[in-house]
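J.: Add 1008 to a position in the sequence shown, counting from 1, and you land on the number used in this note's numbering.
Since the hints were made in silico from the structure, they are not lab data. The reader is advised that the hints may include incorrect statements.
[What the hints assert, rightly or not] Label pairs and their computed distance ranges (CB to CB):
1. A1053 - L1108: 31 to 41 Å
2. F1028 - A1053: 37 to 47 Å
3. I1064 - H1044: 30 to 40 Å
4. E1042 - L1012: 10 to 20 Å
5. L1023 - N1085: 16 to 26 Å
6. V1018 - V1045: 12 to 22 Å
7. A1053 - P1033: 15 to 25 Å
8. L1012 - D1052: 34 to 44 Å
9. H1063 - D1109: 13 to 23 Å
10. G1105 - P1033: 18 to 28 Å
11. N1085 - V1026: 11 to 21 Å
12. G1105 - D1052: 38 to 48 Å
Even glycine gets a Cβ: it sits at the ideal position worked out from N, Cα and C.
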Amino acid sequence: AEPLRCTRGVLPNGLRYVIFRHAIPPGRFEAHLEVHVGSVDESDAQRGMAHMMEHICFLGSRRRVELSSRGVGMTSNALTDFQQTVYHLNVGAEHLGDGLDVLA
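I would like the entire structure built from these sequences, with the hints used as guidance.
T.: Put into C-alpha coordinates, the structure is as follows:
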(Lines of atoms letter the chains of each structure in order from A and count residues from 1; the text may use other names and numbers.)
(Lines give C-alpha, C1' and ligand atoms only; values in the text may rest on other atoms or scores of the structure.)
Protein backbone atom coordinates (compact mmCIF):
# COMPACT_ATOMS: atom_id res chain seq x y z
CA ALA A 1 0.00 0.00 0.00
CA GLU A 2 1.09 3.52 -0.76
CA PRO A 3 2.00 5.63 2.29
CA LEU A 4 -0.63 8.15 3.35
CA ARG A 5 0.40 11.66 2.29
CA CYS A 6 -0.82 14.79 4.00
CA THR A 7 -0.72 18.55 3.61
CA ARG A 8 -0.09 20.61 6.73
CA GLY A 9 -0.45 24.32 7.29
CA VAL A 10 -1.37 27.17 9.59
CA LEU A 11 -4.09 29.73 8.85
CA PRO A 12 -3.51 33.45 9.59
CA ASN A 13 -5.61 33.10 12.77
CA GLY A 14 -3.25 30.39 14.08
CA LEU A 15 -5.50 27.39 13.32
CA ARG A 16 -3.30 24.44 12.36
CA TYR A 17 -4.65 21.94 9.85
CA VAL A 18 -3.76 18.58 8.32
CA ILE A 19 -5.41 17.37 5.12
CA PHE A 20 -5.42 13.72 4.00
CA ARG A 21 -6.81 12.67 0.64
CA HIS A 22 -8.80 9.43 0.62
CA ALA A 23 -10.40 7.81 -2.43
CA ILE A 24 -12.82 5.72 -0.36
CA PRO A 25 -15.62 6.51 -0.01
CA PRO A 26 -15.69 8.54 -3.22
CA GLY A 27 -17.34 11.95 -3.24
CA ARG A 28 -17.26 12.49 0.54
CA PHE A 29 -15.59 15.07 2.76
CA GLU A 30 -14.88 14.35 6.41
CA ALA A 31 -13.53 16.81 8.95
CA HIS A 32 -12.41 16.50 12.56
CA LEU A 33 -11.95 19.79 14.39
CA GLU A 34 -10.02 19.36 17.62
CA VAL A 35 -10.13 22.17 20.17
CA HIS A 36 -7.69 21.82 23.04
CA VAL A 37 -10.20 22.74 25.75
CA GLY A 38 -11.91 20.23 28.01
CA SER A 39 -13.14 19.67 31.53
CA VAL A 40 -9.61 20.04 32.93
CA ASP A 41 -9.84 23.76 32.09
CA GLU A 42 -12.97 24.30 34.20
CA SER A 43 -13.13 25.58 37.75
CA ASP A 44 -15.56 23.99 40.21
CA ALA A 45 -18.07 26.75 39.41
CA GLN A 46 -17.73 26.04 35.67
CA ARG A 47 -18.11 22.24 35.88
CA GLY A 48 -19.85 20.97 32.71
CA MET A 49 -19.41 24.19 30.70
CA ALA A 50 -17.08 22.66 28.07
CA HIS A 51 -19.64 19.97 27.31
CA MET A 52 -22.50 22.48 27.27
CA MET A 53 -20.55 24.72 24.85
CA GLU A 54 -20.00 21.70 22.59
CA HIS A 55 -23.78 21.33 22.30
CA ILE A 56 -24.48 25.05 21.92
CA CYS A 57 -21.80 25.60 19.27
CA PHE A 58 -22.57 22.56 17.18
CA LEU A 59 -26.05 21.19 17.71
CA GLY A 60 -27.66 24.61 18.08
CA SER A 61 -26.09 26.06 14.94
CA ARG A 62 -28.62 27.87 12.72
CA ARG A 63 -26.45 27.04 9.72
CA ARG A 64 -26.56 23.32 10.53
CA VAL A 65 -30.37 23.41 10.85
CA GLU A 66 -30.67 25.34 7.56
CA LEU A 67 -28.55 22.80 5.67
CA SER A 68 -30.53 19.93 7.11
CA SER A 69 -33.81 21.53 6.00
CA ARG A 70 -32.35 21.94 2.47
CA GLY A 71 -31.71 18.19 2.39
CA VAL A 72 -27.92 18.40 2.51
CA GLY A 73 -26.85 14.87 3.52
CA MET A 74 -24.59 15.43 6.49
CA THR A 75 -23.66 13.39 9.53
CA SER A 76 -22.03 14.95 12.53
CA ASN A 77 -21.04 14.27 16.09
CA ALA A 78 -19.00 15.84 18.85
CA LEU A 79 -17.39 14.86 22.12
CA THR A 80 -15.83 16.56 25.10
CA ASP A 81 -13.32 14.86 27.34
CA PHE A 82 -10.74 15.85 29.93
CA GLN A 83 -8.40 17.76 27.59
CA GLN A 84 -10.24 18.42 24.34
CA THR A 85 -13.48 18.99 22.47
CA VAL A 86 -13.73 17.32 19.05
CA TYR A 87 -16.27 17.97 16.30
CA HIS A 88 -16.80 15.45 13.45
CA LEU A 89 -18.52 16.20 10.16
CA ASN A 90 -19.14 14.04 7.07
CA VAL A 91 -20.76 15.57 3.99
CA GLY A 92 -20.84 15.10 0.22
CA ALA A 93 -17.85 16.74 -1.49
CA GLU A 94 -20.22 19.00 -3.44
CA HIS A 95 -21.17 20.57 -0.09
CA LEU A 96 -17.58 21.09 1.13
CA GLY A 97 -18.09 24.84 1.60
CA ASP A 98 -21.31 24.30 3.54
CA GLY A 99 -19.64 21.71 5.76
CA LEU A 100 -16.72 24.00 6.56
CA ASP A 101 -19.19 26.79 7.28
CA VAL A 102 -20.91 24.57 9.88
CA LEU A 103 -17.57 23.99 11.61
CA ALA A 104 -16.72 27.71 11.53
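J.: Check the structure against each numbered hint from earlier and tell me which ones fail, lowest number first.
T.: 3, 7
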